[in-house]
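Spelled out from the first residue to the last, the chains are:
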Amino acid sequence: MKPPLLSVKNLRVWFPKDVSFFGKPLTWVKAVDDVCFDLHEGETLGLVGESGSGKSTTGLAILRSHRPRDGSVLFCPDGQRVHDLSKMEHRELQPLRRHMQMIFQDPFASLNPRMTVLQLVSEPLKVNHVGNAEQRKQRVRELIVEAGLKAEFLNRYPHAFSGGQRQRIVIARALALQPKLIVCDEPVSALDVSVQAQILNLMMSLKEKYGLSYVFVAHDLEVVRHIADRVAVMYAGRLVEDGTKAQVFGNPLHPYTRALLASSPKPNPSHRAKRGILHGEVPDPSNLPSGCVFHPRCPEARPECSHIVPAQTRIDGRNVRCLLYESGRTLTDPAGADKAAS
Amino acid sequence: MQKDPILEFDNVAVEYQLDEGVVRAVNGVSYKVFPDETLAIVGESGCGKSQSSYAAMGLIQPPGRITRGHIWFREADGKPRIDLAGLDRNSKEIRSIRGGKLAMIFQEPMTALSPVHRIGRQLDEVLKLHTDMGKPQRIDRGCEMLRRVGIPDARKRYDQFSFEFSGGMRQRIMIAIALACNPRVLIADEPTTGLDVTIQSQILELMKTLQAEHHMAVVLITHDLAVVAETADRVAVMYLGRIVEMADVKTLFAAPKHPYTIALMKSVIGSPLAADGRLQTIRGSVPGPLERVPGCDFHPRCDACIPGLCDKQEPVFKDIDGKTQVSCHLFC
Amino acid sequence: MNAAKTTAVAPVSADEAKLAYYEASQWSLMRRRFCKHKVAVWAIYILVALYVVCMNCDFFSAYDPNEFHERWVDMPPQILHFGKVEGYRWPRFYVHPSIRVRHPVTLDECYYADTSRRVPLEFFVQGRPWRFLGLIDTQLHFFGVPDGESCFLLGTGRLGQDMFSRLLYGGRISLLVGFTAVFLSFFLGISLGGISGFFGGKVDIVIQRVAEVLMTIPHIPIWLTMAAAIPKGWTSLQTYFVMTLILACMGWTGLCRTVRGKLLSLREEDYARAAVLAGASQKRVIFVHLIPNFLSHIIATLTLAIPGMILSETSLSYLGLGLRPPIVSWGVLLKEAHNGQAVLNQPWLLVPALAVILTVLAFNFAGEGLRDAADPYST
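Which chain is which? The protein sequence lines are A, B and C, in order. This note's numbering applies: residue 1 is where the first sequence begins, and numbers increase by one. This note's numbering applies: residue 1001 is where the second sequence begins, and numbers increase by one. This note's numbering applies: residue 2001 is where the third sequence begins, and numbers increase by one.
The shape of chain A in the complex, shown without the other chains (with noise of 0.2 Å):
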């Protein structure tokens, strides 16, 4: 079997919170904190959590903007050989940057001011040397009309652009050289709503023409709903639970899930019904909770959630990490399991 264009294991990215003197950590932000997952080509992942859940982080870790403090990411581009960027220096990744590029949040912030629209799209074909010059402004004039632009905008600054146009200047310039995965970090959350549908409707034709893959990481649900095909939800550091769209909105394992699609508002009015509220906030990922993260808000905490730190337990092909699940206590009725342990 092909292996999965991208497979993430036991990923763990730390930050120093504290640092000594002379610049050695004492305290630890634990970000990322052994997240696994399987992307396969042709698929989006979407990546939902809160503030300070670590979803970007994981997205930024995954192209090794940040480098990983264990675990390994392995990345497969040609379905053959396959690559644990993880463990890799800046030279050898290199080469294998061409197949994975990144779409930003904010598109007034990931678009260099001083430089034309032509220079920004090519610039990922010039620095691995694609072309010659007229062959990359042919090229850069075909992305950004496939991006919904117009070819004459080549000469423009960026400034002379709304938000939503921006953010087709980074979708052009992501596509340039024909990646396989793209990572978007909250790509439409800066944006108005119209402009969202088209900015989503973009990324989905360009997904099927190109057979892109997405790790989309968005705290939108509803985003999420739309265009993901796999969804994971984090918490503070953790993948709480993964699985196919269907699996996760239509039924949810883990409490953490449960409780975010119940406070979630939908765009009906006529759905409207008693918000499941969860109580407390995010904890501090620089003082995490013991044993399971979520434990001090979940509602359905029994006390060794305090102690135990749960492990990822695989269930009809999704994985979901509470003790509700583990060695093989009841799969949907975690409350009457939640009795019968009392």
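Do not rely on the hints blindly, as some may be mistaken.
What the hints assert, rightly or not - Capping the alpha-carbon separation at 25 Å, the derived lysine to aspartate or glutamate pairs in DMTMM-like fashion look like this:
#1 A:K207 to A:E222
#2 A:K150 to C:E2016
#3 C:K2283 to A:E222
#4 B:K1266 to A:E222
#5 A:K245 to B:D1224
#6 C:K2262 to A:D18
Bear in mind the hints are in silico, worked out from the structure with no lab data behind them.
Given the structure of chain A, go ahead and fit chains B and C onto it with the hints provided.
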């Protein structure tokens, strides 16, 4: 039938006189807000939804000014109404109303709270300005407000600084300050934008509870149609400084009338009108703030545009079927 | 017809203006923004004028700054007038010759202007020889008066030196010291700050600690020691260079921190990250993405740093630690004027102080304008 409106906008316009030209931030907005109801004002960035509420609060800073219209505010039932638009933004009258009977919470709880003063002091200030309570009473009231917005250990937290609170907690404090003087109207400008979903639902729920307790009207300004669907009673949709459509929330989501509202609904994932695969989008983009569109503001992007009418004549905002008010030539 | 034509033309030009804006590079946006800052623009004009005049002080001054005019000691300024002069057809600049007399009571020497005579100023006259750019021998001067007449526009000093010439020569030294010292410290600051900010880690820690230690040392004692270390026998040029070096060695720390801070924040910018992720080399990220984006900030910081250097030189020389006569600098001139007597009797000796104030103000205003313009997207 209904009680008197507490807050009433009558054809209000706000303009900014810049070197580059005149920006018409709000261009003839009229609406009424009644006790106990939540009116959501929704629109994309730059549509003037915040500016209209700033006008009521006397927060329009030069070079901006209210160029026409009236903003009627009734401090109590039976009392004569006051025209807020006619008051100087630093006058005594508006200061006595602002923060007292007419309160506001902002999007940025980080910047709206002073970082150098204890939050108790900031609560105290409002009470001192708008009530004649003595110091011990004010502290009691302040702590009570903190408790009511769900801050545990209120007496201790009363003496803390804003940076000692998380984003959600800060927004709760903002609400406590805003509601300290039992306002009749609370203007909430994007109160949950930037907060996490779980925190957002806590805040929205809190606002609902407090609204019921205080019998106040809430003007909710937001870009998020999901929040509107969850909390609003009536909705006004704004585009380029005008209200294009106003209706009660169910009608608006189920059967929007104005082409802009329809298009907007279709582009929102999960709304009753949105398709599953590709979303429908509005062609073109919002014109720049200095550009003037002749006729109906939306006609260059509208699929139902009637040439010769929509691009020449401005539509009138009027009631079409007793439920919905629309500003569109299709319904004239 | 006519009206139709104008309406048809107007949108096109508006579109063109818009297109020009869309295709305007960031430098031109900055220029536009800077030009809106009227005071800063004027400050730039003043600075350019100051530098042009002071750098070419040989040309603009009528006398040698160290030439003693025994007949005219402690003479007040001869005021410049404009009007008709006998023997000339057109009105022109002139001065009244001074007459020296003894006060009948105090027996002090005093001067008064002989208003009966008008001495015309002549422009582009031949005078004492000098070298243009140190290369071309010339005798051309900007202005002068006929032989036998005197023209001390800012009066004379205790030994009868022309103060106007001294002001210009002093300005050459003082303005150059500021400039070169800032460039030296800029060089130190930008390279150390750049290394510190870009590589981070141990190097960063070492450099930052060194800078912090340097910042904590009080400047005056350091200057004292270093100035005392300059051998007496050194030429004025050598002293001058050592002076700038001293100033630069003390001044780079602040700049180093600014550069480091800016680099650190720029390195975290999404576009720098995007370039790395596109496969750009580190060299490209630094030179194409980081440096152009912080160059404007650096220029503004530098402009704001120059007055500090000028002031340091002035105060050092004033304290007698820096430059000494016969070198003329504004600090040296002020030292000469530092007794109370001078302030009362020869207030014109304080003109260099005005020059210092004007220069420092102009640099500050220009720097502020540049700083505001450096970020053309903020409002």
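Hints, one by one, checked against the model:
no. : hint              : verdict
1   : A:K207 to A:E222  : holds, 19 Å
2   : A:K150 to C:E2016 : holds, 17 Å
3   : C:K2283 to A:E222 : violated, 41 Å
4   : B:K1266 to A:E222 : holds, 14 Å
5   : A:K245 to B:D1224 : holds, 23 Å
6   : C:K2262 to A:D18  : holds, 22 Å
The structure does not agree with numbered hint 3 stated previously, though it agrees with all others.
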